[in-house]
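Listed in order, the protein sequences are those of chains A and B. Residues 1 to 217 in the working numbering are what the first sequence spells out, letter by letter. Residues 218 to 433 in the working numbering are what the second sequence spells out, letter by letter.
Among the clues, some could well be false.
[Said to hold, decoys possible] The list that follows gives simulated cross-link-like pairs (lysine-lysine, BS3-like), each with its CA atoms no further than 27 Å apart:
1. A/Lys-62 <-> B/Lys-231
2. B/Lys-372 <-> A/Lys-138
3. B/Lys-222 <-> B/Lys-372
4. B/Lys-338 <-> B/Lys-354
5. B/Lys-338 <-> A/Lys-58
6. B/Lys-354 <-> B/Lys-429
7. B/Lys-234 <-> B/Lys-373
8. A/Lys-85 <-> B/Lys-429
9. A/Lys-130 <-> B/Lys-222
10. B/Lys-338 <-> A/Lys-71
11. A/Lys-138 <-> B/Lys-373
Calculated from the structure, these hints are not laboratory results.
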Amino acid sequence: MNKWIDKKQFQSLIKDGQSIMVGGFLTCGTPEMLIDWIVETNVKDLTIICNDAGYPDKGVGKLIANNQVKKLIASHIGTNPYAGKLMGDGLLEVNLIPQGTLIEQIRAYGAGLGGILTPVGVRTSIQEGKQVITLSNKEFLLEEPIGADLALVNAYYSDRLGNLTYARTARNFNPIIALSAKHVIALIDRKVDQIDPETVITPHTFIHYLVGGENIG
Amino acid sequence: MDNIKEIIAKRVAKELKDGDLVNLGIGVPSLVANYIPSELEVYLQSENGIIGLGPLANEDEIDINLTNPSGQYATIKENGAYFDTAFSFIIIRGGHLDLTVLGTLEVDEEGSMASWIIPGKLVPGMGGSMDLVTGAKRVIIATTHTNKGIPKIKKKCQLPLTAYRVVDLIVTEMAVIEVHDDGLHLVERHPDVSIEEIIAATEATLIYDEVKIMEV
């Protein structure tokens with residue numbers, strides 16, 4: 001089965017109004033080439049789910065700068081003043097979520113769970129509108145699963161099927177978002193014949209499409 | 218007073234114990250890494266997926282796939298480990314961190330803190346801070362005593378909370394303050410600062426008896 005697609009095929013998958021998860025932590029581990037390709041399409045009204053807003057000229061910040069994002073779900077936007085400005089002007093809806101809660105909500109979706117119970121955010125503004133559940137005299141917030149139409153992953157090694165490993169701290173959100181979207185697209189730094197099954201982080205069945213990165217070969 | 222940040226970081230470093238797994242926040246807390254006593258083995262965890270975070274990378278060491286939680290190119294120490302964000306927050310939230318050191322905008326008599334938003338002005342977001350202070354076994358606030366003269370140590374936080382009743386110790390350039398059930402205990406003062414000066418720079422009530430001199 002051939003999952004390898006080119007730029008045109010990738011761009012045909014991107015539609016107005018989609019929800020898209022993007023890997024990366026302050027753009028380390030973000031599939032920049034795929035972001036650039038989305039910028040070219042000019043699709044609008046995207047919901048972007050990722051750790052942070054990146055920088056104005058890097059990571060998902062490029063989509064925000066091109067006014068393609070309607071809603072951002074993230075834990076931090078402090079490195080992208082333009083995102084903060086759009087939010088203040090009411091032009092970008094931003095849902096800030098504690099990082100550990102956000103990643104567990106994404107994992108919960110892929111894991112088939114109905115939600116998670118976390119002590120994080122109890123008695124803060126994060127609690128507003130949420131169910132508080134007390135177990136063994138401890139309060140927890142019920143947080144719902146988060147899934148998406150697409151997940152854009154950056155992996156280091158892939159074999160022909162899409163068994164993936166990641167590089168150092170570029171791993172971050174990538175293997176988790178690969179669990180929780182209808183279509184998972186991985187940008188690959190290096191294609192190899194074999195990956196030791198002991199070291200595979202994301203098994204190939206989670207990956208729907210593969211794109212060869214600039215360093216491929 | 219000499220370098221304020223250095224005074225705070227040096228004093229926080231005295232709280233470290235051999236074998237501790239520690240997460241240092243950005244800014245002043247990250248400077249604590251420069252003062253870890255050489256006889257101790259302390260492991261730095263950071264939320265972007267690493268145990269054994271080392272110093273910033275020199276130009277010839279730069280690896281674009283290895284960064285610290287500020288997004289700067291960094292290094293990993295011998296015997297380090299990488300993991301994904303879900304695992305990173307299992308460590309953080311699950312009570313596996315011995316200590317986290319964070320800065321703050323406000324901290325109060327109950328040990329609550331506010332650090333992630335100034336409504337209408339500054340909305341950086343909480344990142345991993347809420348998880349860190351909720352999950353770590355010990356929480357140290359490392360901060361300047363005031364924000365340009367305005368006390369940061371309040372009777373009650375006015376800004377939206379990062380977490381309710383989580384702080385164990387507050388270290389500033391003026392004082393070391395322990396958080397107990399009955400309030401804030403002033404336990405150390407900078408040698409150049411009087412107890413009266415500390416009280417004047419603090420909105421919260423300080424309980425004290427014997428106040429030691431900070432080693433600086």
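Next item on the list: Hint by hint, work out which the structure violates, then give me just those numbers in ascending order.
Entry: 1, 4, 7, 8 and 9
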